[in-house]
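Number of protein chains: 2
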Amino acid sequence: MGPAGTFSEEAAIAYDPQAQYAACPSIPAVAAAVEQGKVDEGVVPIENSLEGSVTFTLDLLIHDSNLFIRHELVLPIHNNLLARPGTRLGDIRVIHSHPQPLAQCRGFLTERFPNAELVASLSTAAAVEQLKKSDARAAAIGTLRAAELYGAAVLARNIEDNPNNVTRFVVLATSDRPPTGADKTSICFSFDADRPGLLYGVMKCFAELGLNLAKVESRPTKQSLGRYIFLIDVEGHREDPKVKTALDQMKRQVSMLKVFGSYPKAKPSAQ
Amino acid sequence: MGPAGTFSEEAAIAYDPQAQYAACPSIPAVAAAVEQGKVDEGVVPIENSLEGSVTFTLDLLIHDSNLFIRHELVLPIHNNLLARPGTRLGDIRVIHSHPQPLAQCRGFLTERFPNAELVASLSTAAAVEQLKKSDARAAAIGTLRAAELYGAAVLARNIEDNPNNVTRFVVLATSDRPPTGADKTSICFSFDADRPGLLYGVMKCFAELGLNLAKVESRPTKQSLGRYIFLIDVEGHREDPKVKTALDQMKRQVSMLKVFGSYPKAKPSAQ
Numbered sequence: 015m016g017p018a019g020t021f022s023e024e025a026a027i028a029y030d031p032q033a034q035y036a037a038c039p040s041i042p043a044v045a046a047a048v049e050q051g052k053v054d055e056g057v058v059p060i061e062n063s064l065e066g067s068v069t070f071t072l073d074l075l076i077h078d079s080n081l082f083i084r085h086e087l088v089l090p091i092h093n094n095l096l097a098r099p100g101t102r103l104g105d106i107r108v109i110h111s112h113p114q115p116l117a118q119c120r121g122f123l124t125e126r127f128p129n130a131e132l133v134a135s136l137s138t139a140a141a142v143e144q145l146k147k148s149d150a151r152a153a154a155i156g157t158l159r160a161a162e163l164y165g166a167a168v169l170a171r172n173i174e175d176n177p178n179n180v181t182r183f184v185v186l187a188t189s190d191r192p193p194t195g196a197d198k199t200s201i202c203f204s205f206d207a208d209r210p211g212l213l214y215g216v217m218k219c220f221a222e223l224g225l226n227l228a229k230v231e232s233r234p235t236k237q238s239l240g241r242y243i244f245l246i247d248v249e250g251h252r253e254d255p256k257v258k259t260a261l262d263q264m265k266r267q268v269s270m271l272k273v274f275g276s277y278p279k280a281k282p283s284a285q
Numbered sequence: 015m016g017p018a019g020t021f022s023e024e025a026a027i028a029y030d031p032q033a034q035y036a037a038c039p040s041i042p043a044v045a046a047a048v049e050q051g052k053v054d055e056g057v058v059p060i061e062n063s064l065e066g067s068v069t070f071t072l073d074l075l076i077h078d079s080n081l082f083i084r085h086e087l088v089l090p091i092h093n094n095l096l097a098r099p100g101t102r103l104g105d106i107r108v109i110h111s112h113p114q115p116l117a118q119c120r121g122f123l124t125e126r127f128p129n130a131e132l133v134a135s136l137s138t139a140a141a142v143e144q145l146k147k148s149d150a151r152a153a154a155i156g157t158l159r160a161a162e163l164y165g166a167a168v169l170a171r172n173i174e175d176n177p178n179n180v181t182r183f184v185v186l187a188t189s190d191r192p193p194t195g196a197d198k199t200s201i202c203f204s205f206d207a208d209r210p211g212l213l214y215g216v217m218k219c220f221a222e223l224g225l226n227l228a229k230v231e232s233r234p235t236k237q238s239l240g241r242y243i244f245l246i247d248v249e250g251h252r253e254d255p256k257v258k259t260a261l262d263q264m265k266r267q268v269s270m271l272k273v274f275g276s277y278p279k280a281k282p283s284a285q
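Chains X and E supply the protein sequences, listed in that same order.
Each residue of the first sequence is one higher than the last, beginning at 15 in the numbering used here.
Each residue of the second sequence is one higher than the last, beginning at 15 in the numbering used here.
Just so you know, not all the hints are guaranteed correct.
All copies of an identical chain are treated as equivalent in the list; a pair is satisfied when it fits inside any one copy or across any two copies.
[Unchecked claim] Capping the alpha-carbon separation at 30 Å, the derived lysine-lysine pairs in DSS-like fashion look like this:
id: 1; residue 1: Lys256; residue 2: Lys281
id: 2; residue 1: Lys258; residue 2: Lys229
id: 3; residue 1: Lys52; residue 2: Lys258
id: 4; residue 1: Lys281; residue 2: Lys258
id: 5; residue 1: Lys281; residue 2: Lys236
id: 6; residue 1: Lys218; residue 2: Lys146
id: 7; residue 1: Lys52; residue 2: Lys272
id: 8; residue 1: Lys218; residue 2: Lys279
id: 9; residue 1: Lys147; residue 2: Lys272
id: 10; residue 1: Lys147; residue 2: Lys256
id: 11; residue 1: Lys256; residue 2: Lys272
id: 12; residue 1: Lys236; residue 2: Lys265
id: 13; residue 1: Lys147; residue 2: Lys279
Keep in mind that the hints were calculated from the coordinates and are not lab data.
This structure is a prediction, so every number in the text was calculated from the model and none was measured.
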């Protein structure tokens, strides 16, 4: 996902250093490229430890794609202050980036550049590319790889306020993985009524079998406020007997169930 | 929240047409103004029927504020294509807005302006204000009120792709409301362990008392990926005997419980 120089490209390289990479301009474009067979696998962000879920990816999995999650990986996210070579810190009057890294570096920016104008861009790579068109007083927040790609100088490294900044990426493909013994299964489901205890009933299926839920999340149905689609990550593979039993039991309670796939559980990445 | 001409200003006027309004540049600034007694109440968006939760508001309530939710209201969200007076549809080459309305109007923009450049701004009001600095080929997506305030012409109304576009706003204050008989209570909680069935145990307290959960949501703790703070909206007032019992029971199971307040349940707004 994204032009070269985004965090998703870093994740794709970490996932498969030998692969050939194709850049897609958006999360739906990544899914379309996999669905149309233009690429074998697509890497998109799904969750950040500070910001929460990447709702574009969740909504794609729920509404707009039948792709499977084949793999997950967790990567530390470091933001860097970049500028055209020759720019000094004291020169900077304008700072470009995507609203998310601007927010993640708010403490650094407020302390060091209290009077700088913050300008939103559509991606961190676009912000770094923007530097070429700017005069020498502009900086951007982006990856080290973007600095390399767009010929920018690195003025400050790791400027994020909270060091616990990691993003979980998923690899989308037309099939998921056979069991490895340490897997996770992602599903979503909804109800066609709004009665007390419906979600509780589903969670009971998992709890009574001793299955740990790694994540419970809700997304709007997009039809009416207050009606939700629930997303659950359960530890285990969808072919494990216990997980299979829980999925069979819950099927009778929900109006929609979609299994996004089973895949090896990521080891948390070193910071 | 936001400069004049944002949806939050519309919500503030709908909530109390007689009030004096003060604009704050961000969601944390609204909370600070209420906490410092500069204003009595603050209006911020908390959830959109298409995009889901406004995570800034959730994280403020969880981590950075002891304010109460005193009221909620639900407002239809209409996006409009605005430009400097005299601009014709055929002239438009650049369209400014916040990334969210740009995404919400993607169908309209793709069909009518397949070649226009989309430019991100920090708010819809900022996008409309931006028109003053632009040449005649620019348009912005924003509210009718912003058109009025910044002297822009309305080229097309209600250009959002999905008509089920409503936003829920909450009114923050230093206290919540006494029971009205049709209330809702918002809480958040977390666990200091990651064992199967912990969330299930809490939901059991509510389910066994027949209390309906209007919403279940999770947010990152910001300390470690995979650890969450759960947010629940339960129907009823925190002083209702059943809600009180459930809250007392769950206190023994969680490591942190914060009650954001009880307030009258909003009637869904007409579209």
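Do the hints match the structure? See the list:
1. Proximity of Lys256 to Lys281 under the C-alpha cut-off of 30 Å is restricted to the intra-copy arrangement: shortest distance 23 Å within a copy versus 42 Å between copies.
2. Taking CA atoms no more than 30 Å apart as the test, Lys258 paired with Lys229 passes in both settings, with 18 Å inside one copy and 27 Å between copies.
3. Proximity of Lys52 to Lys258 under the C-alpha cut-off of 30 Å is found in neither arrangement, the shortest distances being 33 Å within a copy and 57 Å between copies.
4. Within a single copy, Lys281 and Lys258 get their C-alpha atoms as close as 24 Å, which meets the 30 Å cut-off; across copies the closest is 40 Å, which misses it.
5. For a Cα distance limit of 30 Å, the shortest separation of Lys281 from Lys236 across copies, 18 Å, qualifies, whereas the shortest one inside one copy, 34 Å, does not.
6. Proximity of Lys218 and Lys146 under a CA criterion of 30 Å is satisfied in neither setting, with 56 Å inside one chain copy and 58 Å between copies.
7. Proximity of Lys52 to Lys272 under the C-alpha cut-off of 30 Å is restricted to the intra-copy arrangement: shortest distance 25 Å within a copy versus 49 Å between copies.
8. For the homomeric pair Lys218 and Lys279, the shortest alpha-carbon distances inside one copy (23 Å) and between copies (28 Å) are both at most 30 Å.
9. When the C-alpha separation of Lys147 and Lys272 is checked against a cutoff of 30 Å, the pair qualifies neither within a copy, at 46 Å, nor between copies, at 48 Å.
10. For the identical chains of this complex, Lys147 and Lys256 are neighbours neither inside a copy (58 Å) nor across copies (62 Å), given an alpha-carbon limit of 30 Å.
11. Taking the shortest Cα distances, Lys256 and Lys272 sit within 30 Å of each other inside one copy (18 Å), while across copies they are farther apart (35 Å).
12. Taking the closest pair of Cα atoms, Lys236 and Lys265 come within 30 Å of each other only inside a single copy of the chain (22 Å); across copies the shortest separation is 33 Å, beyond that limit.
13. For the identical chains of this complex, Lys147 and Lys279 are neighbours neither inside a copy (43 Å) nor across copies (51 Å), given an alpha-carbon limit of 30 Å.
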